[in-house]
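Use the sequences and the hints to build the structure in full.
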Amino acid sequence: MTAMIDAERLRKKYLRDGMLPTIFCNGCGHGAAFDYAFRAFEELGLDMDKVALASGIGCSSRIPGYINADGLHTAHGRALAFATGIKAANPDLTIVVFTGDGDCTGIGGNHFIHAARRNIDMTVILLNNFIYGMTGGQLAPTAPIGSISTTSPYGNIEQAFNICELAKALGAAYVARWPIFHPYQPIKSIKEGIQNKGFSLIELLSPCPTAYGRRNKLGEIDSLWKWYEDNTILIEDYEKAMDYGTEEEKEAVRGKFQVGVFQNVQKPGFFEEYDKLVQRIIAKEDERKGGAE
Amino acid sequence: MILVLEDWCKGCEICVKRCPLNALELSDKLNKRGVYPPKLKAENECNSCKLCELICPDFAVTVTLDEEKKSKEPKSRLIIGGIVNEV
Ligand SMILES: Cc1ncc(C[n+]2csc(CCOP(=O)(O)OP(=O)(O)O)c2C)c(N)n1
Ligand code: SF4
Ligand code: SF4
Ligand code: SF4
Chain L
0 MTAMIDAERL RKKYLRDGML PTIFCNGCGH GAAFDYAFRA FEELGLDMDK
50 VALASGIGCS SRIPGYINAD GLHTAHGRAL AFATGIKAAN PDLTIVVFTG
100 DGDCTGIGGN HFIHAARRNI DMTVILLNNF IYGMTGGQLA PTAPIGSIST
150 TSPYGNIEQA FNICELAKAL GAAYVARWPI FHPYQPIKSI KEGIQNKGFS
200 LIELLSPCPT AYGRRNKLGE IDSLWKWYED NTILIEDYEK AMDYGTEEEK
250 EAVRGKFQVG VFQNVQKPGF FEEYDKLVQR IIAKEDERKG GAE
Chain W
0 MILVLEDWCK GCEICVKRCP LNALELSDKL NKRGVYPPKL KAENECNSCK
50 LCELICPDFA VTVTLDEEKK SKEPKSRLII GGIVNEV
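These protein sequence lines are chains L and W, in that order. Residue numbering for the first sequence follows numbering that gives the first Met the number 0, beginning at 0 and increasing consecutively. Residue numbering for the second sequence follows numbering that gives the first Met the number 0, beginning at 0 and increasing consecutively.
Treat the hints as calculated values from the structure; they're not laboratory data. Because the structure is a prediction, the values reported are computed rather than measured. Where a beta carbon is used, it is the ideal one built from N, C-alpha and C, also for glycine.
In silico SDA-like pairs for lysine to any residue, Cα to Cα no more than 25 Å straight-line:
#: 1; chain 1: W; residue 1: 16; chain 2: L; residue 2: 183
#: 2; chain 1: L; residue 1: 11; chain 2: L; residue 2: 72
#: 3; chain 1: L; residue 1: 249; chain 2: L; residue 2: 237
#: 4; chain 1: W; residue 1: 16; chain 2: L; residue 2: 209
#: 5; chain 1: L; residue 1: 225; chain 2: W; residue 2: 34
#: 6; chain 1: L; residue 1: 11; chain 2: W; residue 2: 63
#: 7; chain 1: W; residue 1: 49; chain 2: L; residue 2: 16
Examples of chain W residues lying across from chain L (beta carbon under 10 Å, computed):
#: 8; residue: 7
#: 9; residue: 17
#: 10; residue: 49
#: 11; residue: 52
#: 12; residue: 54
#: 13; residue: 63
The following block contains the structure:
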């Protein structure tokens, strides 16, 4: 059981020697994401020599550097393209990507769309903090309307990406969103995501006190974390309110971030289909050769 | 028991503020970073739920099951032929 995993042993096994403490700011949520990933790895009994990590650029993309496993820290937005390459070269590897909202849905948006559409077998842990944290707080495509950033000093007027809805529509096999302060749900989702043979997206809402919270007057670390608590709602509760609630109850939940598991389907991933294709062509070739003799 | 890797703590106080049993407080000793890492209160109701360990973003907290509390756990009793056996 998760609760009984010994943190000391976990740190020794999964953290790269001498790399901690992280570069993350005080109160940044990103650090918890890989603690959760370790617990999911541990519960699955993954052999870390059979795991390959990938990331792009950003605070969130620094995570593989702290983990005792092989990984590619790639170009901004290109984590999924590199991850696809690793999987193509060695389909036996379990691929886990750590990326940010800017990295994955801003500059890397097209890679994201196509990796999800092709249902490539990888688990993407996307840390959404509504902002480009590393470069000082430019507007990300995930920022809620009204967000203040260095590039939207008067408030954001652009509609935000709903990453999970997008992934769902693209047919990703596993799609979930959780706030970072609830440990057990993300751990379970990372586990389920890795077990799923297709494209798995786990979006974790991760507070960035430095570049987002401070500028948006969401207060100190504790009140920023609390803001997430007040502005998220379980998908089941949301649907219940929308189906059976009064007008006021509907209004109260409308603007909140729905969290939960949005999609979990079993279907063949890209490389499974690719393997079948290769087998089909070989069989046909053999038949043709056999016929010619 | 709560073990804190003091020099890994950045002082966010998330563990202190979110402990469901309000069992943690800031210690009075500054660490290398110039912040006060958390410690268990002298009087506390900590039930080793591990939430602090799980949500600390800096891997600074380890919750270990209390030896003292463990030994205080009631043993199950097996009564055979009127003789009480503690197992
Ligand atoms: C091609 C390219 N363009 C721009 C940058 C600058 N840059 C570095 S990180 C970053 C944003 C990262 O944001 P996000 O992925 O949300 O990660 P966070 O830092 O918020 O965790 C940008 C724009 C870059 N490194 N490379
Ligand atoms: S800038 Fe934001 S995302 Fe980056 S480490 Fe600091 S708090 Fe985290
Ligand atoms: S959550 Fe971790 S980093 Fe924050 S105060 Fe507690 S021990 Fe320190
Ligand atoms: S283990 Fe649970 S009860 Fe004990 S200090 Fe941590 S959060 Fe509080």
